[in-house]
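Engineer: For reference, the chains in residue letters:
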Amino acid sequence: MVEAPKTYKDLPSTPITFFTTEDNKTGTWRTIRPVIDKEKCTRCYICWKFCPDLSIEVEKEGDYPNVDYDHCKGCGICANECPSNAITMEKEMEK
Amino acid sequence: MVNIPKFTIPKEEYVCKGHSACPGCGTPLALRYTLKALGKRTVLNIPAGCGGVILGVWPSYALKVPVVDNAFECTAAVADGIRAGFDVLGVEDAYVVGWAGDGGTVDIGLQALSAAVDRNANIIYIMLDNEAYMNTGIQKSGCTPIGAWTTTTPVADEKGWNTSPKKRIMEMLVANGIVYGATVNVAFPEDFIARLREAKDIKGTKFIHVLAPCTPGWRIDPKKSIEVARLATQTGIFPLYKVENGRYSLTKEIKNRKPVREYLMLQGRFRHLKEEAINQIQKIVDEEYARLLKKIKDTNE
Ligand SMILES: Cc1ncc(C[n+]2csc(CCOP(=O)(O)OP(=O)(O)O)c2C)c(N)n1
Ligand code: SF4
Ligand code: SF4
Ligand code: SF4
Ligand SMILES: [Mg+2]
Numbered sequence: 001m002v003e004a005p006k007t008y009k010d011l012p013s014t015p016i017t018f019f020t021t022e023d024n025k026t027g028t029w030r031t032i033r034p035v036i037d038k039e040k041c042t043r044c045y046i047c048w049k050f051c052p053d054l055s056i057e058v059e060k061e062g063d064y065p066n067v068d069y070d071h072c073k074g075c076g077i078c079a080n081e082c083p084s085n086a087i088t089m090e091k092e093m094e095k
Numbered sequence: 096m097v098n099i100p101k102f103t104i105p106k107e108e109y110v111c112k113g114h115s116a117c118p119g120c121g122t123p124l125a126l127r128y129t130l131k132a133l134g135k136r137t138v139l140n141i142p143a144g145c146g147g148v149i150l151g152v153w154p155s156y157a158l159k160v161p162v163v164d165n166a167f168e169c170t171a172a173v174a175d176g177i178r179a180g181f182d183v184l185g186v187e188d189a190y191v192v193g194w195a196g197d198g199g200t201v202d203i204g205l206q207a208l209s210a211a212v213d214r215n216a217n218i219i220y221i222m223l224d225n226e227a228y229m230n231t232g233i234q235k236s237g238c239t240p241i242g243a244w245t246t247t248t249p250v251a252d253e254k255g256w257n258t259s260p261k262k263r264i265m266e267m268l269v270a271n272g273i274v275y276g277a278t279v280n281v282a283f284p285e286d287f288i289a290r291l292r293e294a295k296d297i298k299g300t301k302f303i304h305v306l307a308p309c310t311p312g313w314r315i316d317p318k319k320s321i322e323v324a325r326l327a328t329q330t331g332i333f334p335l336y337k338v339e340n341g342r343y344s345l346t347k348e349i350k351n352r353k354p355v356r357e358y359l360m361l362q363g364r365f366r367h368l369k370e371e372a373i374n375q376i377q378k379i380v381d382e383e384y385a386r387l388l389k390k391i392k393d394t395n396e
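Here the protein sequences come in this chain order: A and B.
Numbering follows our numbering, with no gaps: position 47 of the first sequence is 47.
Adding 95 to a residue's 1-based position in the second sequence gives its number in our numbering.
To be clear, the hints were calculated from the coordinates, so they are not data collected in a lab.
On a predicted model such as this, the values are computed, not experimentally measured, just so you know.
Ideal Cβ positions, reconstructed from N, Cα and C, are used throughout, including at glycine.
Keep in mind that the hints are not guaranteed to be accurate.
Claimed, not checked - Covered stretches of chain A (chain B as the covering partner; in silico rule of three or more C-beta atoms under 8 Å from a C-beta of chain B): (1) 17-26; (2) 46-59; (3) 73-85.
Isolated chain A, as found in the complex (with noise of 0.2 Å):
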């Protein structure tokens, strides 16, 4: 792993990128979440290919879906194209 430049004088003599975004956690942004009734899903997939955030996990072809709270920026389009309406949106708690 690379370390992040801390002066100038650590810069790369072109400018490549050396991170990936991931440590930015979007998930802050968001007012509502979706939460998945597993009871419902019938493991469609939709949800996972709809999502802008990459944030509905799938592991492998079977399972069940899962959120990425940490990036979910709760748009709500997996909930509203899932055939099932096996998610819905609710509300984050206030702090």
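Start from chain A and add chain B with the ligands according to the hints.
Structural biologist: For chain B with the ligands alone, coordinates are given in the frame of chain A:
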């Protein structure tokens, strides 16, 4: 035997979490599907626009493939340059993609694209059409449809909204002699991936026109983003078709086209439209659709 549920698109992901697109944005989906179709030996050339900006701030990046951040006017030229370099090095198994927004294609990058088609550059050119200059705050582009509100076509009076039709980019390129062109929509991922897989190994310039919603720009509820995009095709406003060496064909048959009203009324950018204007838009869409069917008929005889 028990049926094991299946993925309908490839499992591999080349887009990382933590990118900064707005909730419900269609652009990261288009990137996901494109890279699922082309795989990791792909180089993207992206100019200014949301497609480049949402990928992150140095030193972090949201794609697992190399990207050249090129100047606005020259996406197709830079892509062709990378291709030429690969050819010299003998790299044959990598795809070179120009990826620009609608503004970066039909307005700012048009001459570089037309020159690439003229040379029949061996690249895939993907236009991410969200129907305005979104990254700079929703200014009208050559792809903004009739009737739409934008910040430069404000709805102050009856005729404040955009009154010019979308530029016919596909027809420009077909007239230019492009070997392959197709329209795809983020609401139809399987079709999206099928088109790219079909295009990727054709020699010459391939043009892919992607429709992708922008939630703040279209004034839509983020959760409706895919629903709205799907309606664009179901109403015939954005038909899915391809053109191979001048021969047109539909890639998604729509049996009973839905009224355009259903598409328009879900979006704040069209909400000012009155009955008469909606009827006018319906008429334009019907005519355009008939023109497309005629082209299909004429080029297949
Ligand atoms: C030569 C030049 N002109 C203007 C800009 C400012 N600019 C940056 S992004 C952008 C909008 C791009 O619109 P589009 O290509 O449609 O992509 P979108 O952001 O909508 O995805 C503009 C005008 C620039 N970066 N460079
Ligand atoms: S869309 Fe609904 S039914 Fe399909 S996998 Fe997701 S939660 Fe399950
Ligand atoms: S709410 Fe949006 S970001 Fe969150 S998992 Fe569903 S589709 Fe993905
Ligand atoms: S402004 Fe529009 S195109 Fe840009 S990231 Fe947000 S939703 Fe996507
Ligand atoms: Mg745009």
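Engineer: Does each hint fit the structure? Answer for all of them.
Structural biologist: Hints, one by one, checked against the model:
1. 17-26: Per the Cβ count (10), the hint holds.
2. 46-59: Per the Cβ count (8), the hint holds.
3. 73-85: Satisfied; 8 residues make the cut.
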